[in-house]
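Chains as they are written, first to last, in our numbering: chain A, 1 to 358; chain B, 1 to 515.
Derived from the structure by calculation, the hints contain no laboratory data.
Subject to a maximum C-alpha distance of 20 Å in a straight line, what follows is the list of computed EDC-like cross-link-like pairs (lysine to aspartate or glutamate):
1. A:K246 / B:E315
2. B:K162 / B:D104
3. B:K162 / B:E138
4. B:K356 / A:E238
5. B:K230 / B:D36
6. B:K162 / B:E120
Short, incomplete list of chain B residues facing chain A, as computed with Cβ under 8 Å:
7. L350
8. G359
9. S376
Computed from a predicted model, the values in this text were never measured in an experiment. Even glycine gets a Cβ: it sits at the ideal position worked out from N, Cα and C.
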Amino acid sequence: MSEQQPPPLSTAGSVPPDPDRETPLARTGPAPGAPPARRSPFSGGAGRSIGLVIALAALCVVGYATAGERFASVDNLLTILRLAAVYGVLAVGMTFVITGGGIDLSVGSVLGLASVWATTLATQTIAADFHWIVMVSTALLVGTACGVVNGVLIAYGRVVAFIATLAMLVAARGLAEIIANRRTQIVTVRPFLETFQASVLGIPVIVWMFGLVALGGWFLLNRTTFGRRTVAVGGNPEAARLAGIKVQRHTTYLYALAGLTAGIAAVMMLARTTAGSSTNGQLYELDTIAAVVVGGTLLAGGRGTIVGTVFGVIIFATLTNVFTQNNLSISAQSIAKGAIIVIAVLLQQRFAARSRST
Amino acid sequence: MVEDDRTRADAPGSSTAPLLAVRGIVKEFSGVRALDGVDLDVRPGEVHCLLGQNGAGKSTLIKVLAGAHRPTSGTVEWRGQEVRPSSPVDALRTGIATMYQELDVVDGLTVAENVYLGHELSRGGVTRRHDAHARTRELLRRLGHGDLSPTREVGTLSAAGKQVVSMARALSHDARLIVMDEPSAVLDSEEVANLFRVVRQLTADGVAVLYISHRLEEIRQIGDRITVLKDGRTVASGLPVAGTPTADLIRLMTGRSVQRVFPSRPPVPADAPALLEVRDLALRGVFSDVSFTVRAGEVVGLAGLVGSGRSEVLETVYGARRATAGEVLVDGRKLRQGSVPTAVRAGIGLAPEERKAQGLLLDEPVYRNITLSTFSRFARGPVLDERAERARAREQIDALDVRPADTDRAIRTLSGGNQQKAMLARWLVHGCRVLLLDEPTRGVDVGARAEMYALVNDLARAGNAVVVVSSEIEEVLGLADHVLVLAEGRVVHSGPAAQIDEHRVLDLVMEGSAA
Chain A
1 MSEQQPPPLS TAGSVPPDPD RETPLARTGP APGAPPARRS PFSGGAGRSI GLVIALAALC
61 VVGYATAGER FASVDNLLTI LRLAAVYGVL AVGMTFVITG GGIDLSVGSV LGLASVWATT
121 LATQTIAADF HWIVMVSTAL LVGTACGVVN GVLIAYGRVV AFIATLAMLV AARGLAEIIA
181 NRRTQIVTVR PFLETFQASV LGIPVIVWMF GLVALGGWFL LNRTTFGRRT VAVGGNPEAA
241 RLAGIKVQRH TTYLYALAGL TAGIAAVMML ARTTAGSSTN GQLYELDTIA AVVVGGTLLA
301 GGRGTIVGTV FGVIIFATLT NVFTQNNLSI SAQSIAKGAI IVIAVLLQQR FAARSRST
Chain B
1 MVEDDRTRAD APGSSTAPLL AVRGIVKEFS GVRALDGVDL DVRPGEVHCL LGQNGAGKST
61 LIKVLAGAHR PTSGTVEWRG QEVRPSSPVD ALRTGIATMY QELDVVDGLT VAENVYLGHE
121 LSRGGVTRRH DAHARTRELL RRLGHGDLSP TREVGTLSAA GKQVVSMARA LSHDARLIVM
181 DEPSAVLDSE EVANLFRVVR QLTADGVAVL YISHRLEEIR QIGDRITVLK DGRTVASGLP
241 VAGTPTADLI RLMTGRSVQR VFPSRPPVPA DAPALLEVRD LALRGVFSDV SFTVRAGEVV
301 GLAGLVGSGR SEVLETVYGA RRATAGEVLV DGRKLRQGSV PTAVRAGIGL APEERKAQGL
361 LLDEPVYRNI TLSTFSRFAR GPVLDERAER ARAREQIDAL DVRPADTDRA IRTLSGGNQQ
421 KAMLARWLVH GCRVLLLDEP TRGVDVGARA EMYALVNDLA RAGNAVVVVS SEIEEVLGLA
481 DHVLVLAEGR VVHSGPAAQI DEHRVLDLVM EGSAA
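Okay, chain B solo, but in the shape it has when bound (with noise of 0.2 Å):
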């Protein structure tokens, strides 16, 4: 700790001299853009909140921050020189800490010993435990979690207790700027009072923190200014809390420069018949009376954050988790709950959000990825009929124009895009009638992206009953005939997607699930 180096807290929106300073950072991955013109400048002492909605490129800019990414251009200004953080050792060294969303911290060492993580204290190789914790209890008590026993194991505490374990890192390595990454995501309301209580005694020390939430109301009680970030560029930067309106805020974070193109499609007919019903669905502590109907030829899409239930609403239609109440229906007809095959066999597809991790077989060729639940039907007995599979895959592959259209190249190869044809691919060729999408852009590069849209339209206006979820809110609403928004676990809206727009969902989604 070099401690008369350190600068008292100013005032926030007083003039003092910016402790980092980003200029036109650009990073580009295999020619995409993913940031591109970032400015931010960072006060010693404040609390500086970065908003935007997901993908505007806030994880990249931590990313760089951390020394993790090197930017395709731009500079980054520390106390006024020039700095290149070349690795996340290195960013350290610097003074800036990184707390990510999955916290970083090894569950079987103690307190102390994951403070002092990479850089224990030795003399000759041997650690040197007393000093170690005696340091440790010093930064927890700064931390004002004195209680805490250096000794306990890491595994054993909360959340709430590993983000403090984290933020006493970053300051065993003398950090003046800590960046976290949505962390009251994982807390509760208490455990929220408690890291702000936390966060101030840091500022008050004249540490900078940049603080990245989704939640307007922890801005307003934390945050000292705000820079806005849309589609990789910084839209506002260094707007005071105090003197910003929500409504001006919302408005930075949406209304895209790049207009995307959703198809038009004619309205579903009154006389439809209900394909997928979900009748006050709840899974225990995830969410909890979820109702909707999907008619054949319509699009129902889910709105919300990451962690407000929507991915875990699809996988428990589709029998992947199983519900706690609830039903759901399939043309009428009860499902069995909790069992995949039995979905499956009523005609129900998942095109799920991890599409590497839980969808395809990365090694098997493209056939056999779109007949994984129907190789069984092609089969004579036992007896594979792949000459079957190939053409039945080979029909799909041309219908959904998947490139390279070649049936048995590794589906590794394909692109993000096309290997999410080839997972709808599996469910046309099964014969699906109700098609549930977990983030089908996700991973998909941004002209593919029309071409999935289009697709979307199409599997509806053959008759499809199709359910979407997104982090998009624009793609949702782009999409949908009739929007649910999710806040926690609850339905906080229902209603067409032509009678709401982004700005609301964003204000539902937020407001929703304030602490």
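Bound conformation, chain A alone (with noise of 0.2 Å):
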């Protein structure tokens, strides 16, 4: 993009226009009547919540209603929130690639290995010697890395984002079962565990973290250049190519910031499981992919929600919590988000073919 400042009236070249021309483009200056109606930053993306607020009112309904005190208690809520927090800076992430017409099936195998790397022997003792924080830097470079080639072989390779993530889940689990030796590594590092496992005003840290780069990344899609291009590369790749955007970079840096939240989720759950193993993560990316969609995020691309990602997420860890107080099975579990996932996608559908209609 070009920093100069655009001339002032713009048709004008070094060619002065001529004075007398009476011509729609001589129109120009400031608007006549109201200056544009400011629209709240909400509008449109709340009224697509509120499907998703009943949904999540109905489910707290049924769980105070089985469950009684044992849901509704500030102990179950922060439990429900934990459980969330992976889930939900995973799919963050997710957020940006589906929008950006992608998607990333590779999360959670970048998860485990991240997660593998940070607590492998060597990177624990230099963290003991010196700080934790290389144990987290380790996870959230090796998680970012994993993105860069993902978006280097879908954006300059041109190979299919379903294709190249697939290898990335493959192949980066792989590699975090030779590293870890197929043993689970036991974090030792006990400032690490103090750090992340505490609380903050009675708050524990990872749902602090989740709740961070929620905001950070509700920011970055609705208020930053960054957030424009997203939309722009999901909603037209073709257009925005025309328009100057540079889609092939944009289209890596949304993978890359895909692999840099699985760190950050890589990170929590050493601290919720206290072990790094190759088996972390398995299967979060559906539960992700699951979550985003079911938020508003078109799987087209061109258009994301993160507050719609965020319900989503919750959503389904409230679906978890109220059937694991019930004692109901992980099958049962399973079926109920597959309707979930259904009614949520219909709802969408019709949703969109009415706002198109009028």
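Dock chain to chain to rebuild the complex, using the hints, since each chain is given by itself in its own frame.
This is the structure in structure tokens:
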């Protein structure tokens, strides 16, 4: 993008315009009448979120009716949020990738690889001598690096996103198994656990992390040039390219961002399970994508909502919680999840059809 | 195949009862008349050619015959009986098969599977492959292509091969009339000769062909009679190919009944600086040796048929395609090739041919479409300033009179003409001084066209360099100061617009691309 200031009269070139001409272009100037109505940043988004609020409320009613105080307690609320946190961070990254017209199947595996790499004997020895920050940066670097590989393959290698990230899903899991030698690596760096298992103002650190990532993601998507490019690239890549946006570079950034969130999620996973394992994050990609889609982000790209994604993640976590409270099987829970995904997508299509016809 | 039902070919021009008689067909699309009284007679066993410029209504007529559109009024008679094909299947059942330019064959299936697609030979749900192969072989033999194997995958065939498959399919439906929409556009000269052999084979069997082509030379070779369309009307029907001079045909196709108004503009001063210089630009296999200069305040027009390379020239200048040779200079500075951001930074803006597919984010608000290439300029660091964006977009909305004048409405809801204005507004906000307009009035209704012409004029008067590509020769001549005529990737004419007329351009375009 050029940094030069636009000329005051946009059509004026070096040849001065004819002063006598009576043309529509001569009527440049401030808009007559009222300034354009500022729209609330939540308009539209909030409209779409109403269904999600209703779904969540219904789940809570069911939870309270079946489990009573066990469900409606501060402790249980924090349990739900802690459960949602890891998925939530992944889902924020996924929202960007999907809004940008892609898909990332590898986030679960990358989470596993990052968690293993951050807990190898070597990493933990250095971390014990120096600072737990070594473990965190290892996880973030590994995650981002995997994302960059995905992004370069997809943007410059022109590999279909589904295939490139499927390959990364398999390969990252394999690499994690080799590094961990299929053993569970217990986190021994006490300060790491003390930091990430702590609570601030009564709320667990990993829930704070989820909140910050979600807030940052919201700002990035809705308030920055990066977010605007994401919507443009996902909505119509050819139009974006012809408008001068560097589509390939931006696509790479999107996958790098998803990798970064997988790294952050790995750190949170380590705090929750106190161990790095090559099985960490298995099948997380599916739940993550489901939460993003349920939240209202268009799988075809071009429209994304972080608020919706956060709702989607919390709805799934609450669902799991309600089922666990009632000692219902994981299998029954999966059926319910499947139903929710289908209903949400059907409702979305209705909504899209209506908004298009008006 | 119903062998005894077939009328033998009659000598063209003899007075057989028509196979197809179209009378006074009118087709309106939301108030716009695409067809405004079309008459057409096709006799059994003849090659009837349909001529007309772009926008004359040929495609709409084909779609009416194929059952894809229903006419608003008028009648279609088939062998003396009125028919109303209500769907493509219905039309096929009647006996009318259509070969579209984008051939509707399935690449992953075999030749035989394609021929019997939709009416598979089967017994109890199990396809009778053997029968299908035998019959396909027979059909291909009739078409003079007995060497083509029914088991070959269609994706491995050339465009010519696919056409043969498409024709075999038409025959498998026992079609008595095959409509061919510019079948030669994708063929080389040898393949065209083959196509003609097949067409002669068909007509000898009494099958009629409605042949659409821009290439007069081909029509002279293969056609029996000609019907000319202009502005949705039949202006001449049943002209014998042999007795009609080319000049008459061109006169019939041009000279519009609705006179369009192109605003006049003072001549470009001789000392106006050259803003865009294109030198010996080439894109391998598409065009070569294209050179032209656009001075500040000048409009250069590119005329040519679809496939002549005119859109590709614009896209290459814009960096969306990487030139294989030549250079582009803006304000005397050479541009790095094959980079859109470089071209945009240098001040080139493109309003692409497919506005919706290549230009706009349809579900996004108007202002974001207008600021799509400038939003980072308004931002403070990475943080967007949507208030400034809206204000700037609003200025252009008012200046270009985009209606409705609402910054936040989804651009999908605007008419074609207003969407096009928003495209221009994008480059005006950017401060572009070289504007490349590819088909600026495509999908723009007649009233809004005049506005678009006035706008192009104003842009030039304000000192911009404008390049216009259009399929409508009249539009190119009316808007441009200087005209380039392209045929098959070569510039066949370059000169002031005032010194050439529509007939001559059409002549060049058609002669230049004659096979």
